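K.L.:
Chain residues, written in single-letter form:
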Amino acid sequence: MRWRRIEERVFGVLMLLATAVVVGSLVWIAGVIVYRGAGALKLSMLVQLPRGGAYGREGGILNGIVGSVLLSLPATILAGMVALPACIILQDEHAGRNPFIRSARLSLDVLWGVPSIVYGAFGYILMVYMGLRASLLAGIVAITFVQLPIVARAIDEVMRTVPLELKEAAFATGATRFEVATRVVVRQSLPGILTGLLLGFGRGIGDAAALLFTAGYTDGIPASLTEPAASLPLTVFYLLGAPYPEARAKAYAAAFVLLAIVLVVSVVSRLATAKLRRSTVI
Amino acid sequence: MRAVTVFLIALPCILAVALFLRSRPILERVPVLDLLTSDVWRPSRGEFGFLPFLMGSAWVTILAMAIATPLCLLTAIYVSEYASPAFTAVFRPVIDVLAGIPSIVYGLWGVLAIVPAVERIAPFVGRHLGFVPGLSTASFVTGDCVLSGAVVLAVMVAPVIIAVSVEVLGAVPRELREAALSVGATKWQTVKLVVLRKSFAGLVAAVILGFARALGETMAVLMVVGNVANVPGSIFEAAYPLPALIANNYGEMMSVPLYDSALLLAALVLLAVVILFNLGARAALKLVTVRFRR
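Line order of the protein sequences matches chains U and P.
Note that the working numbering numbers the first sequence so that position 10 is 10, with each residue one more than the last.
Note that the working numbering numbers the second sequence so that position 282 is 282, with each residue one more than the last.
No wet-lab data here; the hints were simulated from the structure.
Predicted model only: the values in this text are computed from it and were never measured.
Covered, in the sense of this in silico footprint (three residues per stretch, anywhere, with C-beta under 8 Å from a C-beta of chain U), are these stretches of chain P:
(1) 66-72
(2) 75-81
(3) 89-98
(4) 175-189
(5) 207-213
(6) 274-288
Cβ atoms here follow ideal geometry from the backbone N, Cα and C, with glycine treated the same way.
With these hints in hand, go ahead and build the complete structure from the sequences.
P.N.:
Set out below in structure tokens:
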């Protein structure tokens, strides 16, 4: 009897400790990045390209900011263009028994687990195969592969919650499959689709491993799809290895900007979803 | 639209085939077993032994899971069984935020916070516990070592493990808990003897998913793990995991013969292992959900 009570206590304390460690590490990470990053960030960095030699001791991180947006925005759109029609196909009334749909969902699970460095290597193979060099285009393709399973799984998940009765009601009034898909399923899951896209964007803008081989790096802003593009994560990575404190300060600042973008996207997606949800029945 | 879905189904195979075709030159030259078990890595002389990188990945990932698993499972049990709804409402977004933080940010945190901390504790541990295998600091150089990589990884995979575990625990029917409580079991006994037993396969799946995620993680680990091509003998030695090998050498790929073939083979090995783990985890998850639906 006594032992039982001790065990109860011990595990209660352990669980509280574990939870505190998990929450505490988030606070620790945010604290370190905000403290070092915000301290190093000057507003002029946000609007200036790097200047002053190999590691760009002067100037800003505009190349990284613009490069990241140029890479992940088109990638998000591409991923959405693949994921949306694919997910519509997955919403079959007999999905559980349909081997085609089941293998598609399994494939998405598998793709979700593939590390981004592997997508980077695959993007590199594609790039060489098409006769390209490290470029904005190759980077977009690699990031699209990274985002695709994230976006598709999010969209599929939300589309699965559309009630069957709703679709049946539309069919009963004589709607075609296409009409049901676009006007009922897509319409009802619009908030979730938006969340999925923003989730993908957030993941894409933070990914570095897929870009190492494919997008390259530049101090300028790419003028065309075939020029290399910088990105915020790689700005952090390269400048961190610089021998000058000024350059490392820029790395901290870039990490802070990146974290801020990711957090803002996450908050916006929550707010937008809440707002859009008012116009749906689920 | 069907064509797009077919593309999605084929994509994992396309990835594997593309990587395999590109790694064939080295596979034709050297038997796979030799590649995987040799520890000599001298690309300029045409010697490609993957053992240091496989062992580097194993050390860092297994240590990371040893840190993360108890923490995450205890947290998941607390959130699912004990915490108030108000706490859960706050905790969920926190986990989402943790999951969304870019790996380079985790890496920077590792460089600024974890590496110096490891540097400070290493001599102390070495003095008092150095006789324990795996804890020796005899070849300790800097804080860039297995332990730093594992700590950063543990924090990175926590959101995955916790999110899946909470979901699995939530799927255990409430009636089972009530039955246990009504025959006089304490809260913890209910958790230990009913909830955990029922959801065991799912919790294993959560840990495997975390493991697979940790195995493929590149940038954050690369920044804090030292990157020395040696089989590590202690958590205070530098290691060189497989993803870091690929990431670090992409620039030199073209200049040395067979080098890019070797690196793409590394990517193929990584892909194969990660897919296997993911499929295993999915099968276990399915087992749990199917059992509860009855």
